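Build the full structure now, drawing on both the sequences and the hints.
Chains as they are written, first to last, in our numbering: chain A, 66 to 330; chain B, 66 to 330; chain C, 66 to 330; chain D, 66 to 330.
Among the clues, some could well be false.
Quick look at which bits of chain C chain A covers, simulated, 3 or more residues with Cβ under 8 Å [what the hints assert, rightly or not]:
#1 100-114
#2 120-130
#3 196-208
#4 276-282
#5 305-313
For the record, the hints were derived by calculation from the structure and aren't laboratory data. Treat the numbers as computed from the prediction; the structure is a model and nothing was measured. Beta carbons are placed, not taken as given, at the ideal position from N, Cα and C, and that holds for glycine.
In case you want the letters, here they are:
4 protein chains.
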Amino acid sequence: MLDIQRQADDRRLDIDQVGVSDLRYPITVWDKTHGRQETIASLTMSVCLPRHFKGTHMSRFIEALNAHRGEITMRTLPAMLHDLKARLEAKTTRVEARFPYFIERAAPISGAKALMDYDCAFIAESRAEGDAFTLSVRVPVTSLCPCSKAISDYGAHNQRGHVTLDVRPVEGEGGPALIWIEELIEIAEASASAPVYALLKRPDERHVTMQAYDNPAFVEDMVREAAARLKVDPRVAGFRVHVVNHESIHNHGAFAQISGGVTTL
Amino acid sequence: MLDIQRQADDRRLDIDQVGVSDLRYPITVWDKTHGRQETIASLTMSVCLPRHFKGTHMSRFIEALNAHRGEITMRTLPAMLHDLKARLEAKTTRVEARFPYFIERAAPISGAKALMDYDCAFIAESRAEGDAFTLSVRVPVTSLCPCSKAISDYGAHNQRGHVTLDVRPVEGEGGPALIWIEELIEIAEASASAPVYALLKRPDERHVTMQAYDNPAFVEDMVREAAARLKVDPRVAGFRVHVVNHESIHNHGAFAQISGGVTTL
Amino acid sequence: MLDIQRQADDRRLDIDQVGVSDLRYPITVWDKTHGRQETIASLTMSVCLPRHFKGTHMSRFIEALNAHRGEITMRTLPAMLHDLKARLEAKTTRVEARFPYFIERAAPISGAKALMDYDCAFIAESRAEGDAFTLSVRVPVTSLCPCSKAISDYGAHNQRGHVTLDVRPVEGEGGPALIWIEELIEIAEASASAPVYALLKRPDERHVTMQAYDNPAFVEDMVREAAARLKVDPRVAGFRVHVVNHESIHNHGAFAQISGGVTTL
Amino acid sequence: MLDIQRQADDRRLDIDQVGVSDLRYPITVWDKTHGRQETIASLTMSVCLPRHFKGTHMSRFIEALNAHRGEITMRTLPAMLHDLKARLEAKTTRVEARFPYFIERAAPISGAKALMDYDCAFIAESRAEGDAFTLSVRVPVTSLCPCSKAISDYGAHNQRGHVTLDVRPVEGEGGPALIWIEELIEIAEASASAPVYALLKRPDERHVTMQAYDNPAFVEDMVREAAARLKVDPRVAGFRVHVVNHESIHNHGAFAQISGGVTTL
Chain A
66 MLDIQRQADD
76 RRLDIDQVGV
86 SDLRYPITVW
96 DKTHGRQETI
106 ASLTMSVCLP
116 RHFKGTHMSR
126 FIEALNAHRG
136 EITMRTLPAM
146 LHDLKARLEA
156 KTTRVEARFP
166 YFIERAAPIS
176 GAKALMDYDC
186 AFIAESRAEG
196 DAFTLSVRVP
206 VTSLCPCSKA
216 ISDYGAHNQR
226 GHVTLDVRPV
236 EGEGGPALIW
246 IEELIEIAEA
256 SASAPVYALL
266 KRPDERHVTM
276 QAYDNPAFVE
286 DMVREAAARL
296 KVDPRVAGFR
306 VHVVNHESIH
316 NHGAFAQISG
326 GVTTL
Chain B
66 MLDIQRQADD
76 RRLDIDQVGV
86 SDLRYPITVW
96 DKTHGRQETI
106 ASLTMSVCLP
116 RHFKGTHMSR
126 FIEALNAHRG
136 EITMRTLPAM
146 LHDLKARLEA
156 KTTRVEARFP
166 YFIERAAPIS
176 GAKALMDYDC
186 AFIAESRAEG
196 DAFTLSVRVP
206 VTSLCPCSKA
216 ISDYGAHNQR
226 GHVTLDVRPV
236 EGEGGPALIW
246 IEELIEIAEA
256 SASAPVYALL
266 KRPDERHVTM
276 QAYDNPAFVE
286 DMVREAAARL
296 KVDPRVAGFR
306 VHVVNHESIH
316 NHGAFAQISG
326 GVTTL
Chain C
66 MLDIQRQADD
76 RRLDIDQVGV
86 SDLRYPITVW
96 DKTHGRQETI
106 ASLTMSVCLP
116 RHFKGTHMSR
126 FIEALNAHRG
136 EITMRTLPAM
146 LHDLKARLEA
156 KTTRVEARFP
166 YFIERAAPIS
176 GAKALMDYDC
186 AFIAESRAEG
196 DAFTLSVRVP
206 VTSLCPCSKA
216 ISDYGAHNQR
226 GHVTLDVRPV
236 EGEGGPALIW
246 IEELIEIAEA
256 SASAPVYALL
266 KRPDERHVTM
276 QAYDNPAFVE
286 DMVREAAARL
296 KVDPRVAGFR
306 VHVVNHESIH
316 NHGAFAQISG
326 GVTTL
Chain D
66 MLDIQRQADD
76 RRLDIDQVGV
86 SDLRYPITVW
96 DKTHGRQETI
106 ASLTMSVCLP
116 RHFKGTHMSR
126 FIEALNAHRG
136 EITMRTLPAM
146 LHDLKARLEA
156 KTTRVEARFP
166 YFIERAAPIS
176 GAKALMDYDC
186 AFIAESRAEG
196 DAFTLSVRVP
206 VTSLCPCSKA
216 ISDYGAHNQR
226 GHVTLDVRPV
236 EGEGGPALIW
246 IEELIEIAEA
256 SASAPVYALL
266 KRPDERHVTM
276 QAYDNPAFVE
286 DMVREAAARL
296 KVDPRVAGFR
306 VHVVNHESIH
316 NHGAFAQISG
326 GVTTL
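Here you go:
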């Protein structure tokens, strides 16, 4: 059967990335408490394609994913990248996996437990210059406006916000430095007015209401707080912090962003 | 050229709706202040198909829309429905147009003006039993939790919420009774703790912060307030009120819904 | 601590549904091959609220979900509905769970295996009139246009389509009749030009290309084929079939819909 | 009234971007045929914030947008950027406007006319190093798989794809070089198997079916064709081409991407 993809191409143009996108697949990630967590990812997987080849073989991405049983962790991703390069005869490769991650959280007063969901991502690249890895965590939080509190006789507008931390660990001999999703969630929550929970009883609601009022934070404060913590962490080679507040007094968002260190390969 | 669509079908099954969906097209709607407003709709247009026909002619929906210059109003929709039935030789037809609608709003203290956006929809159906028309408006608002206010020493969690009103006007000789988008926005805002604006200066922010604190409302209160107003309006044959608060202390929503009167044809 | 929710309300309006929405939570569903499958749901859970109560207790929905360990199956949902009514002192309750479901599929010629994802939902309601249960499955398929094939000298436009089957099983003594997600996927695929796979090698690609060309189907044919099969299934009390083709020659969709039997409580 | 935002901040961290996001607003863009086109944008507007200031004044973004009457064109954006820097006392600013753009297209044989929609964006930045401007156009097209055509006895799978061109014009004395949305649409369509239309009669459908079959193109071919054209255009300082095919035989996409020239400031 004809292998059209292997035919020559005369347009003399390398392709930076070619592969599959929006592939939904079950994966396994590491869980600080339970060792492993089964979840469901939306995957983008690609390789570069040199100018002399017409096409790549898309089915091999799925075969590689199956061969590694969908295990997407900081320690196993280097092997999957290496395998993808071999299967697809490519010099560079990139895997992006976006997935929800669940952690059991206890309510602050009652101790009532329930699972909170966080949108996370692993982005792993392998090129001639080396491998690079990014861990991304998007954390829902409460933010309470300092201006609204200061200028009003009572009350203060507050809202759900999202703190997104994209972190590139330093690369060591054994691969990227280990940073847990749980640690990034702590940093994000510490930068906000209060954490967000799946289950709160009334004494808990009272607690987080006053906690938020006691800790007003602009989107500018939140992005700086989180950036300041990442900046001094010796495991962090580069980072980007993005915070958005879904303003309760507007129909649009207020956002801020700080990048630091090495953010591209 | 063969007309496959006109061929016979022997499965003896009428089709309730067949047509085009997710069609993005510029339309004109009525504007209480300026007469007309140009906007952009996502359209679904369909007809029924009797059992003896194999297919419908999809291109005629676009032709009908062009013929009516995309004018989607309570007064012009009956003619478009009639035209669709004629062009597609159908006994029933349905047009759904979802679009953003803009209104200039003045901030409560400074009077600073800016445009607020509201998601609206017209749903029009024509059947043997008669025509039916639904106007839908989704209004962003601020809601402040009465429980949080009552049990806390200070502060109260509040958040952006959305009040969606689906209203079926009574049918008269000249078509459906006239109800303005602007009137439904007023009902939605009156049911909430405070309205939402695109532009607020600091004196305005102080005002809406205290307005929300002075008017706490559960999602249950909001849905009842709006339903109570629609229930007594003689122009309203049927309605559905749906309210959701994007809780600032949770990563999920709190919602409530009340239907009343005639909601189906 | 004050229980604001239990206070009286004097607006004399029952609330049809009040509860939580957009709650993301891990759940367990039945799997025809492996017994059970872990997945992640987006949940909406609600109860009715009589006119004399001001509010409901939202945290109890999460507690009920935890108590049942997120097990959402045709056999366990009746118990969860009963529990929700008891915990929330309500006469009616409704649970909607939307989740991806994975099945290992073998490619038609090579036999290469990979997981395919399907968007599914369970919707369960309990009212005075009885319980009702709906299973929904959204199946991606290939559709090839019969008109394009008939009028062209060669080729035929084809595209990804989605067949959505909402099925209400008949209620028996032991609960709703058992209908597997896998059975509904078979019905949807049999109504289309060809199935869709996650992994196809070249001999498989050749096979499905010709399979689709040999089985052209309008959106009207697909909706009728699926409806005809559901109509004669003695386990099916009511159904709705919705098919949409994401037309490869347009930037909009072509859709059709047929309902049959009992579709509301 | 206290101006909290102007207070000092001692964390010694500059903020790269702070501003408003997801702001929906009517805007005016240039139209090659009609001079101007009214459309609706989703806007993100931001400035940098030096380390010694606590916060920015979010309301001024809306005021600046109003002052320029929402005119977002290659010729007027430099003035809006300058104004934003003045109003917000900032050294850098960034405006991103995403909007649908409509063009009347005639069907290839019948000449039947209808409006096609394209997702476009303007991204404008002003920094110490100078101004930079990016025009982005996302064009829906038909792609037909060369492998499927070559290995099958008849037929070939085809599907809707999206070609996204992000183009940075060279900066001249009068601002960025003028490149029309219409020109980028032509480049995108020329790289695909066939264009996509809103309205096709049967002779048109026959034409585009055979046109696609006569012009098979992998996602790799499409990305190279478009990149080759942008590479030799003297008005283009930098570009990124991204193509995705929504595969009709899979439930995931196939994509490719090529960048060239100057893509960052």
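message = Can you tell me if the segment 276-282 of chain C counts as covered by chain A, using C-beta to C-beta distances under 8 Å and a minimum of three residues?
response = violated (count 0)
ask   = Are three or more residues of the segment 100-114 of chain C within 8 Å, CB to CB, of chain A?
value = holds (count 3)
key: Stated coverage of the segment 120-130 of chain C by chain A [criterion: 3+ residues, CB within 8 Å]   = holds (count 3)
query = Has the segment 305-313 of chain C got at least three residues whose CB is nearer than 8 Å to a CB belonging to chain A?
reply = As far as the segment 305-313 of chain C goes, the hint is violated, because 0 residues have Cβ atoms under 8 Å from chain A.
inquiry  = Using a Cβ cutoff of 8 Å, are there at least 3 residues of the segment 196-208 of chain C near chain A, or does the coverage claim fail?
reply    = Our answer is that it is violated, as 0 residues pass the Cβ test (under 8 Å) against chain A, missing three.
Figure legend: structure checked against the earlier numbered hints; hints not met, in rising order: 3, 4 and 5.
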